[in-house]
Structure formats: structure tokens, C-alpha cells
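Using the hints provided, position chain B relative to the given structure of chain A.
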Amino acid sequence: MGLLYPAFLLAAVAIAIPIALHLLRRDVAPDVPFTAVRLLKRSPVDRSRRRRLRDLLLLAARVAALLLLALAFARPFVPGSGSAMMPLRVVAVDRSFSMGAPGQFERARALARAAVDEATFGERVAVVAFDDRAEVLAPPGSRQDARQAIDRLAVGHGGTRYAAALSKAAELATGGPVRLVLVTDLQRAGWEGESRVRLPSSIDVEIRDTGIAAANAAIVAARLTDGALVASIRNAAAAPRQGQIVLTHDGAEAARASYSLEPGASADVPLAWKASAGSIVLTIDDPDGFPADNARHLVVGPALTPEVLVVTSAEAPGFYLQRALHAAADSGEEALAARLVTPAEIAGGRAAAIQRHRAVVLLTTRSLDRTAREALTAFVTGGGGLMIAAAPDVEPDVIATMFGWSGSALSADGEPRRASLAATDIRHPIFRPFGALATNLGNVRFTRAWRVAPDGWHVAARFDDGAPALLERTHGEGRIVLFASDLDRRWNDFPLHPAFVPFVVEAVRHVAARAAEPDLFVVGRVPPGVGAEPGVHRLESGRLVAVNVDPRESSTAVLTAEEFAAMIEQVEASPLSRAAEAEQIESRQSLWQYGLLLMLAVLVVESFVGRGN
Amino acid sequence: MTTPAVRDLRFLDPGVIARLGTMELKARTVVEGFLSGLHRSPYKGFSVEFAEYRQYLPGDDLNTLDWKVYARTDRHYVKKFEEETNLECHLLLDQSASMAYRGAAPMSKLEYGSVLAASLAFLMNRQRDATGLITFDEQIRFRLPAAARPGHVHAILLALERIQAGLRSDVARPLHQLAEALLKRSLVVVISDLLDDPDPVIKGLRHLKFRGTDVVVFQLLDPNELTFPFKGAAKFTDIETSEEVLADPARSRTEYLRELARLTLRYDRELRGAGIDYVQIDTSQPLDFALLTYLSARSRRK
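Sequence order for the protein chains is A and B. The first sequence begins at 474 in the numbering used here and counts up by one. The second sequence begins at 135 in the numbering used here and counts up by one.
Next up, chain A with everything else stripped away, as it sits in the complex (with noise of 0.2 Å):
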């Protein structure tokens, strides 16, 4: 038995007390003054024997709670005695899916009974199951227990990871000799990324190699592109091979396509299908190789067009703003088309088609009726971009309470004043392409802006006085990015400076750009609540995600055992690492525990002894 803390022992000494208090006081009774003593003197007084018993045991007691009490502050643990110093033959067995093709885990299983078997009388058995994270299935025991958990062993969708297998074996070792068999096709992708290992020297790594699959075709990657969705095939084979690919829309066939393979090669093939929201499963036929990689799902989302709604109005008419963008379209980059309406045109039924359209720029809040401005905080919620431009005719208050924010942290200018705008933060996507050219912002003359409390906002750029002048926010799923001036060059001479353009088609660009969410996962880097299969799962927010396998698993090449050893780094246990080894069995035993319990039983027995008279 060690000891974590054995200075705590010498705590132990306070048993002294009850033991002299016991020696000194045995014959001693309080002291009581009497008058009738000559009547007294006749009892026949002595300790009875029960009595002498009993203080005994009360003395028993009361050394044992001061022992247990010093022993439990020193932490006892029993480092290598019993089971912990026994041998122990860990068999970790390859689950990944790579181990699915046709006969593969059958070989698997048979390896791993045989390693069991092989087991010593007195070596204790683990069953550990990996793919890119190990599991035990059978702790520390006897063989029957072992070969029941192989027979539970399925193949499962995660690609290799040696390393997670190589942790989990060190972690079920004890302190005693561990013998860890591997049963492995030993795919070379499961090093992939990894660097070398370390591993106690107490552990002897032994492989048994089930083989590979020879040939392995796998839809490795799809993308959409215009009018056609591109799967990318990888051949992990030695031979040439065709095939057919079929694409399937939320349950129905919908496209199909021939493909032709070289040798260890992969092509992109295209299947001529007309784009529509839902779930897609592109399926080829390899009956040979991994199953799991035979599939790959795909979620595609509702169409945006790729208009920008601008609100105008008579006296706020968007013109510079529509220029700046159809000038942008024209040098060929990204267009981004602006859509000039009235609040009028957006009112009431009409209000919906808000929500097709990439960014909202708002130029105007007069006139725009109560279904509008719910339909904007619902589009902004949702997701998208909304730029506003502090115009006359934007009314702080409105905004306000679109947004529910505090109606004083937004406020027109009374008087008209001079400022210039300088970059606060160049590294702004919306200043990151001025670069250096940012400064020439400097030029532009403004008389009158909004003033904006910046709480809650990330201010992108400020006026020479320090006031807020480019601000953003994000609202729900959504970004609101807030120009604390108007763009039609009525409170400021902007449209007329070079930066206007770069500067408009930058922002818009920016609130356009919904916060990409992932829709795509790889099985064992799944977002909470979604299991581990490929598939299409539904989020709790609604949202359809697909699950693929990873791909780098589909690959047939593998390691040699040399290779593999050569990843794993033996070392010795240092002294410090014995200590924290201590600590560790010391806290999975957790004794201490168990003797301040004691403690309490022997308290417990000491007053109930101690009441008797």
C-alpha cells in the first residue's frame, strides 16, 4: 500500500490522547462531597468487568477514528498489488468502415478471438473497438467476457485513427506489463496528420494484419455548380473501372451518369440536373470495396436571386448607390443587381419577397408600413443582411423599435457640424480591399450624421470627432451594418469621391454574404444532437445537415509494421510521471474515502458504546 501524502501519518501520533487520557483517568471518578460517607462505605463499589469492557472499546474506538482520520488525509492507494500488477492483453480491434468490405471483419473478428485465446492463465483481457475514437467494450477480465464483446463488434462509418486506440491502451494500463494486439487492415490513413506517439515502454504493440481491399471506388466529394451537380470519384484499385452514377432527390431518382476510371485515378463527373432545394444521395454500384463510401449526401437550399433591395423614396432615391453597383457589375466582378422600390411597392402582401433577395439597403423609413418592417426584422432574424444609411428619411426611432433596441441609442443630428471619416479598423472586410487607400476616406466632407451610442456595435469606422460613422451588428442570424450618414449626398459629399464606389459595393457585398453555415459534416466531427451516420439529418433548429464519411478512409493504401512502429515513441516512466501515476490510482480508488466512512461507523459505535451506562 503507497501513500500520497504520508506526511499526514504523523497526525497519527494524536492517538496519544485518548490513549493517556485512558491510562490517566481510568480510576479516576469526579470528585463529589459528600456527608454520608460512613454509609457509603459499605457498598461494595468496583468497576464491573462490562464496565472495564466497555472503556476498552471506547478507547478502541476512539485510536481507530484518529488513525482512519490521519490515514485518509494521507491518501492510500494500492499501487501495483492484486490485479493492477497482473498482466494485461489489450485486443483493439479496427472498426472503421474501411474494414467493410466483404469478408474483411469476418477475418477481423477470427484474429481478435485467436488473440484472446492466446491470452496466458492469470492475463487479464480488454476488448478496445476504434475508428476515430476507441471504446471499451470489455474492461480488464476474463476471456468468456472478451470473446462476448467480439462477438458484438460491427463495423462501424469512422475512419482510422491509430492514435485513439494506442491512448485508450494506455489508459487501461495498470502499472503491470501490457500486451496490446492491434487487429488492423492497417490503412495508411490512419496516421494521417498524427505525429509520433508516445507510449510507456510497459506496452508491447503487436500487430495482426487483417488485409485490405483490393479495389475501393468512393464518391469522394459533389458540389453544385450552374445547371449541374459534380461528384468527384476516386479508383483505389489496380484495374480500370466503369460505372454508372445515380443521383437521387429527396427519395426519387433524378439524374444518372456514366463514369470511366483509370487506375488510382479520379474524375469529376457531372449530372446534367436542374438545381431544386432538398436532400440528394449520389449512389455508385462497388460491390467489392467499402460500402460506406459508395453514397454521398448532399443538402441544397432554397434559390436566392442575386438582387439587393434597395428602399427609396422621392427625396432619398438610391441613384449614387445604384450607379456605384451597376458599376461594379459591369468590371465583371460578383453582380450584385440593386432592386430600387418604394415602401409602397413593399407593403403589405407584398411584403414576402423581401425574403428572396440577398441584402436589404435602407434608404428610407418613411411610408413603410407595419408588415414591412416585420417582414425586415424577420428577414434580418433569418439570416439575412440589412445595410442602412442614416438619411433624412430614416427615422432613428423606427429603427429603434424594429430592432428593439433603446430608443436614445440612436439620434439625428441637430446642428450641422464638419467631419471627415477615418478607418477605425482597416482589417474590416469592408475596408480590407482599400488596403492603404483607406485614408483617402479622409476627404470626404460630412455635415450632418446620426449619433450612435456604440454599445452593442463594432465600430468599423469613425468621424474625426470620434463619433461612430460605419457601425456593424449582428440581430438574430443576421448582420446589420449601419452608415451613420446618408448616400445620396445630402449630408455629405461622398457619391462625389473616388471611394464611394469601392466603398458601396464593399458594404453591400458584406451584409450580402449570409454567415455560412455549414451544412456538411464528416461522421465523427457531427454538430450535438445529430447521430453518427451518413445521412441527412434535421437540426433542432430545422435545418437539414448532411453526414458523409471521411473520405481520406476510402483509400487502399497501407502501412507496413515497420512504418507503424516506427509512429510510436517507447519511453520510460519518469519518476514525476510515477508520482502522477500515483495520483491517478489514488483517485480512481479514492480509499480515503472509504476510511473517513469507516471513521464515521467507528464515531457512531464510539458514542453508542459511550451513552450505555
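To be clear, the hints were calculated from the coordinates, so they are not data collected in a lab. A few of these clues could be false.
Said to hold, decoys possible - Chain A is nowhere near these chain B residues, computed Cβ spacing over 12 Å in every case:
#1 Leu199
#2 Gly237
#3 Arg345
#4 Arg396
#5 Ser418
#6 Phe423
#7 Leu426
Claimed, not checked - Capping the alpha-carbon separation at 20 Å, the derived lysine to aspartate or glutamate pairs in DMTMM-like fashion look like this:
#8 B:Lys343 with B:Asp304
#9 B:Lys369 with A:Asp504
#10 B:Lys365 with A:Asp504
Note that CB positions come from ideal geometry on N, CA and C, so glycine has one too.
Just chain B now, kept in the frame of chain A:
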């Protein structure tokens, strides 16, 4: 009709008396309380000699109404009797160390005995009896000759007030001394815990009785001495002799109580046989019982 059993004993309760200031106040409270309780009791009048006539007032005992005077004068007169004055009373108070013991009672035995002695002195003085006081431990420590002067009681009360616990007791010795000294037949009241060797005590008391003296013995015992209620083994040290006995009350109690009963029984048998009144008093109990005993002894002398 009020009987002693149900009358208000509030002023006779040791707990109340212990809190009173001077010995005179204590004695007066006890006696007045006692006498008020005796109203219309069988102990009517303490004297036989006629003193005077007094006009009848409502509430006077009709037995004392003088019908002959009524016949002559057509007025109601009651006869008042002069109290007897020829009785000599000696109060013997044990002031030994064991009397200072106070267990569960509100007063120590010595305090209780002092109040009892003071009350008796007060009562006697009211009846014009000559009263004397002797306090002793192993020898007589203080002696006040018997006298019936009205101021004499104050001297007795003052002496009782100043009394201190003394050394170990020897009851027999002062008894013998007193027996030799008494010239006149008198009443001797012994107040002690009588925890000495009973043989000399009984001998001494008999000596007194032999000289023709009436003897009343009050054995004062604390409730602790009567019931031995202690718990847990303890070393019991005698206050007087410093004798130590280690005892476990759980086991010794029965034996102790048996010894005490044997002692009491012996006193009772031997003293009663000699015509001596022997009364054992629990110091947690009111004083009236002791006073009643005295009165009954006093009345027997008539």
C-alpha cells in the same frame, strides 16, 4: 375551615425563606405564616393562666366566651389567658462541617437548622418561654443561657445569623455537658444531621431524658442524602473526615439507602423507646412540620 394540610405554605417554603434578608425576618415570616395557618386549629391557646377579659369581637372562639359575665352584664367578653412562662427551652444546633452540606435543597442543612432554631426561638419568645441557644460541633462553640426577656430573642437571632460551619461533629459530648448543667426540667431541641456514630448520640440523648428533660430531635437531611441520586462513578469525599470512597451509585444506591433506613430505624426505635421525639426532616420541605412537632411536644408538657 382551613386545615394545615391545605393552607398556604408559601411563606414556609425553604426556597422562599432562603431569599429573605435577616434571620429575624426569616423567623418572623415562618412563625407568622405558621400561626396564620394554625388559625382555628386544634392548637388553640398555649396557656392556662387567666390574664384578662376582652370584649368579644366577631371571629373570636366562642369557647372562650365567659357566659357568667354575659349573664351578669349582658355583654360578651372573652377570657384571655396568660401564657405559661416557666418553661425553659434549649435549642441545640449542630454547626459541624457536615451541616454546611447543600445538595438539592435551596438551603444548606445549617441554614435550614438556623431558620428552624430562629423560628422556634421566636415562637417560644412569643409564648414567654425562656429560650436558650447552644451551638456545637465537637464541643460547645456558643452558648446563650435561657431567658424569657423580650430582647433575648434578638440575641439568639443575631447569634444564629453569624453562625459558621465548624469542624467535625460530636453530638454526644455537648449533650452530656448540657445534661449535667441543666438544673431545671426543661425542653431541649436538638437540631443536627446525626450522621455520627449513633451509639454515643443515643446515649447522650438518653442521659438528657434521664435528667427529666423533654427532648425533641430534628434530624436534618438533604434530599441528596435521602435519595442518593448521583449518576456515574465518583469519588465521594467526606466533608468532615476527608474520607474518600470510590463508588458507582448505580450499584451502591440500594446498599446506601438500606444503611440509611437502618440508621433511621435505629434512632426511631431507640429514641421513641426512651420517650424522645425523633423527627427526620428533608431540608427541601417546608418548616411547618418541624414546628408542629415542637408544638405537640410542648403541649404534652401541659
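Status of each hint after checking the structure:
no. : hint                   : result
1   : Leu199                 : holds, 53 Å
2   : Gly237                 : violated, 8 Å
3   : Arg345                 : holds, 29 Å
4   : Arg396                 : violated, 9 Å
5   : Ser418                 : holds, 15 Å
6   : Phe423                 : holds, 21 Å
7   : Leu426                 : holds, 26 Å
8   : B:Lys343 with B:Asp304 : holds, 18 Å
9   : B:Lys369 with A:Asp504 : holds, 5 Å
10  : B:Lys365 with A:Asp504 : holds, 12 Å
Hints 2 and 4 from the list above are not met by this structure, while the remaining hints are.
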